[in-house]
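Engineer: One letter stands for each residue in the lines below.
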Amino acid sequence: MEFGWAPEQEQYRERVKAALDELLPADWDETYVPESYASDLQVHFSREFCAKLAERGLLVPHWPREYGGNESPDWEHFILGEEMKGAGEPRGPQYMNVNWIGPTLMAYGSEAQKDQHVKGIASGKVIWCQGFSEPNAGTDLAALRTRAERDGDHYVVNGSKIWTSYARTADWCFLLARTGPTRKDISILLVPMDTPGISITSFPGVIKDGHLNEVFFTDVRVPVQNRVGEEGEAWKIVTYALSYERVGVPRYHTGLLALELAVEQLKAEGRWDDDPIVRSRAGSIAARFEGARLLTYRVIDQRVHRLPATTDANLSRIASLEAVSDLMNFLGEFVPDCLAGGDPLLEDYYRINIPAGITGGTNEIQLDLVAQRGLGLPRG
Amino acid sequence: MDFQLSEDQEALVSALQSILQDHAELPQAERFSYSYFNADLQRLLGESGFLGAARDIGPLEAALVTIETARLPVLVETAATGLVAPMLLPADGPVDGPVALIAGGAIGKAHRNLPIARTALVDLGEDVAVLTIDPADVEPVASILAYPYGRFRAIPDLAAARRLPGAGARLRQWWRVALAAEVAGAAQAALDFTLDYVKQRQVFGRPVGSFQSVQHRLVQCHAHAQSTYYLALRAAWSGEAVDADCAASLAQQGVQKLLFDLHQFHGGMGVTTEHLLHFWLYRIRALQAEAGGVHGIGLEIAGRMWPAATQATGADAAPQIAEAG
Numbered sequence: 001m002e003f004g005w006a007p008e009q010e011q012y013r014e015r016v017k018a019a020l021d022e023l024l025p026a027d028w029d030e031t032y033v034p035e036s037y038a039s040d041l042q043v044h045f046s047r048e049f050c051a052k053l054a055e056r057g058l059l060v061p062h063w064p065r066e067y068g069g070n071e072s073p074d075w076e077h078f079i080l081g082e083e084m085k086g087a088g089e090p091r092g093p094q095y096m097n098v099n100w101i102g103p104t105l106m107a108y109g110s111e112a113q114k115d116q117h118v119k120g121i122a123s124g125k126v127i128w129c130q131g132f133s134e135p136n137a138g139t140d141l142a143a144l145r146t147r148a149e150r151d152g153d154h155y156v157v158n159g160s161k162i163w164t165s166y167a168r169t170a171d172w173c174f175l176l177a178r179t180g181p182t183r184k185d186i187s188i189l190l191v192p193m194d195t196p197g198i199s200i201t202s203f204p205g206v207i208k209d210g211h212l213n214e215v216f217f218t219d220v221r222v223p224v225q226n227r228v229g230e231e232g233e234a235w236k237i238v239t240y241a242l243s244y245e246r247v248g249v250p251r252y253h254t255g256l257l258a259l260e261l262a263v264e265q266l267k268a269e270g271r272w273d274d275d276p277i278v279r280s281r282a283g284s285i286a287a288r289f290e291g292a293r294l295l296t297y298r299v300i301d302q303r304v305h306r307l308p309a310t311t312d313a314n315l316s317r318i319a320s321l322e323a324v325s326d327l328m329n330f331l332g333e334f335v336p337d338c339l340a341g342g343d344p345l346l347e348d349y350y351r352i353n354i355p356a357g358i359t360g361g362t363n364e365i366q367l368d369l370v371a372q373r374g375l376g377l378p379r380g
Numbered sequence: 001m002d003f004q005l006s007e008d009q010e011a012l013v014s015a016l017q018s019i020l021q022d023h024a025e026l027p028q029a030e031r032f033s034y035s036y037f038n039a040d041l042q043r044l045l046g047e048s049g050f051l052g053a054a055r056d057i058g059p060l061e062a063a064l065v066t067i068e069t070a071r072l073p074v075l076v077e078t079a080a081t082g083l084v085a086p087m088l089l090p091a092d093g094p095v096d097g098p099v100a101l102i103a104g105g106a107i108g109k110a111h112r113n114l115p116i117a118r119t120a121l122v123d124l125g126e127d128v129a130v131l132t133i134d135p136a137d138v139e140p141v142a143s144i145l146a147y148p149y150g151r152f153r154a155i156p157d158l159a160a161a162r163r164l165p166g167a168g169a170r171l172r173q174w175w176r177v178a179l180a181a182e183v184a185g186a187a188q189a190a191l192d193f194t195l196d197y198v199k200q201r202q203v204f205g206r207p208v209g210s211f212q213s214v215q216h217r218l219v220q221c222h223a224h225a226q227s228t229y230y231l232a233l234r235a236a237w238s239g240e241a242v243d244a245d246c247a248a249s250l251a252q253q254g255v256q257k258l259l260f261d262l263h264q265f266h267g268g269m270g271v272t273t274e275h276l277l278h279f280w281l282y283r284i285r286a287l288q289a290e291a292g293g294v295h296g297i298g299l300e301i302a303g304r305m306w307p308a309a310t311q312a313t314g315a316d317a318a319p320q321i322a323e324a325g
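Here the protein sequences come in this chain order: A and B. For the first sequence, my numbering assigns the number 1 to the initial residue and increments by one for each residue that follows. For the second sequence, my numbering assigns the number 1 to the initial residue and increments by one for each residue that follows.
Keep in mind the hints are simulated off the structure, nothing from the lab. Note that the structure is a prediction, hence the values are computed from the model and not measured. Be aware that a few hints might be false.
[Unchecked claim] Here are the simulated lysine to any residue pairs, SDA-like style, with alpha carbons at most 25 Å apart:
(1) A:85 / A:355
(2) A:85 / B:159
(3) B:199 / A:380
(4) B:257 / A:85
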């Protein structure tokens, strides 16, 4: 057991940081980050940025060589993700592409799909959105109602998706649609977002722009060859896909960076040195993030050792979320102007994290999973 | 980065567990005690070399010993004896144990483990005093906290004691690692005990543990125990003061939730001494305020991570005790 970084891992982190320094515009923090990574501005920027990352071998280094990767170690892939998130995620929505859409298509896509989409993702120029949630099917995804009915060599899709981040700017949608009568008769379709019959409505909210979209499908014709895997195989494939997102966003990393910004502001305003309560609270929150960090690293370590997946990934998300909640409360109590004309980076942090317990798997479901599968408690 | 125990570490833990299994039972006469110190097991651990792990192998292995022994309902003192003292006094050879750790500013009050101690390390802020303890000088103090407590019949003369100049910060650092390791082991044992209970105990025709309101809180306790475990081991591995602070801070931050929730899920049984729960919970409670407590340690973390021009690290948490006593 040891907890340090190997020299090559530290060098890799420095290489990623150097690439960020080189590729991000001088006004990145001032102009881009406050808009948030789902904004049209950042999504457009990501096409340019990810293409350059690809040229430097930093977009899909963890992928197999036959798909343009370098089969880099799991820790390097993770370090890359930490640094990108810490910089405000200049990959925009393309983190999804490289983390799970690409690998899922490698495993389940047809040769034609691999040729088109996996290559497209590796080029860094294609934007995807995720067509999962619906107005009446979020956490309970199997309740989704969007239907895809077979009509010759096409499916005809009708229904709607909601909370579809990046929908306005996406080229493709990774869509889940019902293709049969039972709860689990769901299939995956790859749908070009410029297909006739698709319309998008954006609506305002307390989180940052770009996430709150509703996508309507009205008699949208999708070729059968755009289906991934067999009809009704969506659950198996989505389970596989999500195994690539086991630990999710490294919230301890972004959290500690935000906490540091808050401390800098408190110092500059003379509210740090003489206020032991503020300092103590900040220190306690840092400890919570450090705990969450180690639970997250444990999951990566299990992957490195090729151990079977457990609910430890869910546990790491739970611990991270508690620390995030503490930090948001700290900001609300001691740095309230972050939501009223103060530091735009802190505002961005706060607003991105308002749905932190909902996105990527609702916290209550994470708790259920750990309770029942991890701790062996009986179902109610 | 490697979160798996090495083969040698696995062997150490496995050998330790095989000894502990034979001594986990409480004697019938101690069935209703608030704490029970097993002197035979303490001696056996010393003779078997487990209390020398910090010197012979390293502090991470000593922390593993503390975590494992903290899982027992019976008490042995491995945290201060096997981890703190060897890290503070590396040149001394084995210290006469058990060792008690004492905050100098409160020397007149009751102290954890003082009735069983042969040596005490007293935190004077900047310095450390090393006291040899004669049991005749200690008056036992009754407490529900699951350690033997006692106070000095007469305040010892710290000025005459052996003094370790400038060792206070190092004492607090390893005290924090040790208390985090102890909380990690005790919390995990209390949680395991509770999980067994809520799977069996029926209310309204179903197990207590099938209620979502119970499940979610148990998972949060589990997250706390697991985080504390890794933070304690990282702090032992790195020897970095800030890692020790984070480990102890998190350990102590979770005390409120652990105590409330685990008591709650045992209902009336959990408040009786015939139920074992109190052995772990009131060890955790006893550790809540030590080595600075959440507030003091939070200040130290802030001081290390974001030092202020006017702020000396640790100044808030550990004022110098000029001549305590």
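Engineer: Each hint should be assessed against the structure and marked as holding or not.
Structural biologist: For each hint, the structure was consulted:
The suggested pairing of residue 85 of chain A with residue 355 of chain A holds, with an alpha-carbon distance near 16 Å, which does not exceed 25 Å. With a C-alpha separation of about 55 Å, the suggested pairing of residue 85 of chain A with residue 159 of chain B is violated against the 25 Å cut-off. Note on residue 199 of chain B and residue 380 of chain A: the hinted pairing holds, with a Cα-Cα distance of about 12 Å set against a maximum of 25 Å. Note on residue 257 of chain B and residue 85 of chain A: the hinted pairing is violated, with a Cα-Cα distance of about 31 Å set against a maximum of 25 Å.
Violated hints, in rising order: 2, 4; the structure is consistent with all others.
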